[in-house]
Amino acid sequence: MIAFFVKRFFQAVVVMFVISLISFSIQDNLGDPLRELVGQAVSEEERQALREEMGLNDPFLVQYVRFAKKAVQGDLGNSYFFKKPAFEVIMKKLPATLELVFGATIIIVLFSVPIGVYSAINPQSWFSKTVMGLSIVGISIPVFLTAIGLIYLFAIELGWLPSYGRGDTTNVMGFWETGLLSADGLKHLILPSFTLASIMLPLFIRLIRAEMMEVLQSEYVKFAWAKGISPRRIYFLHALKNTMLPVITVGGVQIGTMVAYTILTETVFQWPGMGFLFLEAVNRVDTPLIVAYLIVVGAIFVVTNTLVDLIYGLVNPTVNLAGKK
Amino acid sequence: MAESTQNMEQHPTALQRFKASHFWHSFKIDRVAQFSFLIFLTYAILAISASFIAPFDPYDASQIDIMNSEIPPSWQEEGEEDFILGTDAQGRDMLSTILYGTRVSLMIGLCAVALQALLGIVIGLTAGYIGGRVDSFLMRIADIQLSFSTLMVAIIVLAVFQATFGTELYQQLAMIMLILVIGIAEWPQYARTIRASVLAEKKKEYVDAARVMGFGRLRIMFRHILPNTLSPILVISTVQIANAIISEASLSFLGLGMPVSQPSLGSLISSGFEYIFSGAWWITVIPGVVLIVLVLVMNLLGDWMRDVLNPKLYKG
Chain P
651 MIAFFVKRFF
661 QAVVVMFVIS
671 LISFSIQDNL
681 GDPLRELVGQ
691 AVSEEERQAL
701 REEMGLNDPF
711 LVQYVRFAKK
721 AVQGDLGNSY
731 FFKKPAFEVI
741 MKKLPATLEL
751 VFGATIIIVL
761 FSVPIGVYSA
771 INPQSWFSKT
781 VMGLSIVGIS
791 IPVFLTAIGL
801 IYLFAIELGW
811 LPSYGRGDTT
821 NVMGFWETGL
831 LSADGLKHLI
841 LPSFTLASIM
851 LPLFIRLIRA
861 EMMEVLQSEY
871 VKFAWAKGIS
881 PRRIYFLHAL
891 KNTMLPVITV
901 GGVQIGTMVA
911 YTILTETVFQ
921 WPGMGFLFLE
931 AVNRVDTPLI
941 VAYLIVVGAI
951 FVVTNTLVDL
961 IYGLVNPTVN
971 LAGKK
Chain Z
56 MAESTQNMEQ
66 HPTALQRFKA
76 SHFWHSFKID
86 RVAQFSFLIF
96 LTYAILAISA
106 SFIAPFDPYD
116 ASQIDIMNSE
126 IPPSWQEEGE
136 EDFILGTDAQ
146 GRDMLSTILY
156 GTRVSLMIGL
166 CAVALQALLG
176 IVIGLTAGYI
186 GGRVDSFLMR
196 IADIQLSFST
206 LMVAIIVLAV
216 FQATFGTELY
226 QQLAMIMLIL
236 VIGIAEWPQY
246 ARTIRASVLA
256 EKKKEYVDAA
266 RVMGFGRLRI
276 MFRHILPNTL
286 SPILVISTVQ
296 IANAIISEAS
306 LSFLGLGMPV
316 SQPSLGSLIS
326 SGFEYIFSGA
336 WWITVIPGVV
346 LIVLVLVMNL
356 LGDWMRDVLN
366 PKLYKG
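Each protein sequence line maps, in turn, to chains P and Z. Residue numbers for the first sequence follow the working numbering, so the first one is 651 and each next one is one higher. Residue numbers for the second sequence follow the working numbering, so the first one is 56 and each next one is one higher.
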């Protein structure tokens with residue numbers, strides 16, 4: 651177990667290192683920090699002196715080490731546009747994105763588990779067939795079209811739900827601006843969460859259905875039937891447990907995909923989260939902010955993937971923990 | 056002459072073999088597959104012949120009149136006969152723009168998948184056949200790359216390039232950049248599938264036989280093993296094309312893909328999005344439907360192919 655943990659941890663560190671290298675080379679090549687500082691009206695000599703003083707003429711490695719030291723302390727430079735530390739700006743937007751992902755996850759779990767299990771138990775019913783048919787249509791609709799469709803129907807035609815922004819937010823614990831505590835905030839959350847959930851929902855329904863059908867064919871389930879255990883117990887205790895194993899792994903990998911899709915969802919709904927901020931930063935060539943986003947999102951990816959692997963290793967006793975080749 | 060007929064009887068031609076195959080048989084009885092294939096073919100033909108059949112040339116500024124902007128489709132009250140599907144905000148004929156846009160979307164999708172397949176096949180074959188350290192190294196890279204979603208990588212790479220090049224230069228390079236980014240980001244899908252098949256094929260006797268006969272590594276890999284791994288490649292290719300088209304549309308929607316002057320379906324939808332609130336739904340909805348149908352058809356074909364060619368379910 652410890653060997654497995656160490657190995658995964660080591661891999662995570664290597665990936666973070668590569669991400670930081672990439673981020674640094676972006677910062678190094680994109681935009682001129684000197685111009686941002688002093689503007690155009692400085693002579694070439696002063697410029698060179700300043701470059702030397704700021705260490706911009708140092709070798710790549712020296713500069714990288716300096717960058718990494720600061721990055722570990724959470725100092726990623728100041729955003730050109732906001733004139734504030736980039737890390738702080740990103741962190742302020744993080745709650746909005748996390749709440750969006752949270753809302754979408756709840757919708758996915760609430761819908762995919764019952765529907766997937768039902769259609770695995772009754773594969774021939776009209777409901778299961780409709781679900782399977784609809785799921786392939788669902789996979790084929792790009793997320794921004796889902797968003798546009800939902801806005802058109804619920805915000806423009808029916809006027810039930812707001813089409814953009816986050817609505818009222820409440821401050822919790824001093825730093826977390828939440829929209830989950832007010833009716834207005836929740837109302838604003840509905841359409842974006844459903845949009846984000848719509849990408850994963852067909853996938854998860856199909857996955858749960860397929861896994862469940864496979865498990866229901868297995869020997870131990872047949873044995874459970876033979877013992878005369880009640881169907882409910884077999885389906886939800888014996889079969890569902892083993893169905894969830896692969897679902898956890900896929901789910902973990904999909905969190906990364908979800909973060910990517912928050913960029914699209916947030917853009918359409920003008921949701922004030924990290925993704926929306928990132929696209930704005932790109933348009934303004936706000937390098938420190940781009941780099942900060944890369945590192946924060948990279949860290950989210952690496953941490954979730956490592957955690958998922960570890961959980962999977964803990965839950966599934968057949969995983970080769972020692973990592974033998 | 057007589058000899059060649061005899062040969063013919065012993066070795067049926069490729070077409071005859073194809074007609075007798077399980078693949079063709081299941082295609083003949085599956086309505087959904089036939090229908091999907093027909094629609095895909097229609098798309099392909101329309102896309103290829105876009106410059107002949109489109110009533111206007113959306114790339115030609117002299118044919119565009121800003122006075123014609125936002126005309127609804129011809130079946131609506133304010134519609135005009137000339138513009139069957141209406142016009143967009145710049146006064147371009149929607150039908151022509153959609154035809155050209157479909158061509159752009161399909162081309163990016165196909166080229167990107169070709170690149171994925173090329174990289175994936177070479178890497179997958181190498182990893183599977185050589186094995187050992189090379190294998191674990193390549194597959195570790197594939198794992199790591201897969202853990203970052205394609206869209207995420209594509210957005211970041213394209214965003215950085217756009218910021219570096221400036222918008223103008225970037226727009227000229229957009230198509231190549233899209234193909235490269237979508238192509239490179241998804242190679243692990245192919246590599247993993249092929250590696251798995253290679254591992255299974257490698258143990259078979261014909262590979263041993265080829266090795267004993269003294270054929271080189273490359274020859275065995277590409278001439279002997281590769282043809283036997285083609286069916287899983289075919290299955291993932293259709294789905295990959297669908298995914299590539301969606302990725303391209305999403306990137307264009309974000310403004311990181313094709314420019315409005317040379318729109319793909321995604322950038323067309325994006326340019327119409329601001330007008331949907333003022334009632335000009337057709338600029339968004341019509342290309343949206345065109346896009347969804349195209350992707351849906353590819354996914355249906357992929358699903359059907361997986362059922363037919365899945366080596367787990369069917370053993371020939």
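To be clear, the hints were calculated from the coordinates, so they are not data collected in a lab. Think of the CB as a built atom: it goes at the ideal place given N, C-alpha and C, for glycine as much as any other residue. Among the clues, some could well be false.
Straight-line Cα separation of at most 16 Å, EDC-like style, residue types lysine to aspartate or glutamate; simulated pairs [said to hold, decoys possible]:
1. P:Lys-779 x Z:Asp-190
2. Z:Lys-257 x Z:Asp-190
3. P:Lys-657 x Z:Asp-358
4. Z:Lys-83 x Z:Glu-256
5. P:Lys-733 x P:Glu-930
6. P:Lys-720 x P:Glu-694
Computed Cβ-Cβ distance ranges for the label pairs, DEER-style [claimed, not checked]:
7. Z:Phe-270 x P:Ala-949: 17 to 23 Å
8. Z:Ser-104 x P:Arg-716: 43 to 49 Å
9. P:Arg-716 x Z:Phe-270: 50 to 56 Å
Per the computed footprint, the stretches of chain Z lying under chain P, defined by three or more beta-carbons under 8 Å from a beta-carbon of chain P, are [as the list claims (entries may be wrong)]:
10. 195-204
11. 272-279
12. 329-336
A quick look at each hint next to the structure:
Note on Lys-779 of chain P and Asp-190 of chain Z: the hinted pairing is violated, with a Cα-Cα distance of about 41 Å set against a maximum of 16 Å. At most 16 Å may separate the alpha-carbon atoms for a hinted pair to count; Lys-257 of chain Z and Asp-190 of chain Z meet this at roughly 14 Å. Distance hint between Lys-657 of chain P and Asp-358 of chain Z is unfulfilled; the C-alpha atoms sit about 37 Å from each other, more than 16 Å. The suggested pairing of Lys-83 of chain Z with Glu-256 of chain Z is violated, with an alpha-carbon distance near 30 Å, which exceeds 16 Å.
For the given pair, Lys-733 of chain P sits about 15 Å from Glu-930 of chain P by alpha-carbon distance, which is consistent with the 16 Å threshold. For the hint pairing Lys-720 of chain P with Glu-694 of chain P, the CA-to-CA distance comes to about 28 Å; that exceeds 16 Å, so the pair is violated. For Phe-270 of chain Z and Ala-949 of chain P, the Cβ-Cβ distance of about 49 Å falls outside the hinted range of 17 to 23 Å, so the restraint is violated. Distance hint for Ser-104 of chain Z and Arg-716 of chain P: a CB-CB separation of about 58 Å, inconsistent with the stated range 43 to 49 Å.
Taking 50 to 56 Å as the suggested C-beta distance range, the pair Arg-716 of chain P and Phe-270 of chain Z conforms, at roughly 54 Å. By the rule of at least three residues with a Cβ nearer than 8 Å to a Cβ of chain P, the coverage given for the region 195-204 of chain Z holds, with 6 such residues. With 0 residues carrying a beta carbon less than 8 Å from a beta carbon of chain P, the region 272-279 of chain Z misses the three-residue requirement, and the given coverage is violated. Counting residues of the region 329-336 of chain Z whose CB lies closer than 8 Å to any CB of chain P gives 3, which reaches the minimum of 3, so the coverage claim holds.
In terms of the numbered hints stated before, the structure departs from hints 1, 3, 4, 6, 7, 8, 11, listed from lowest to highest.
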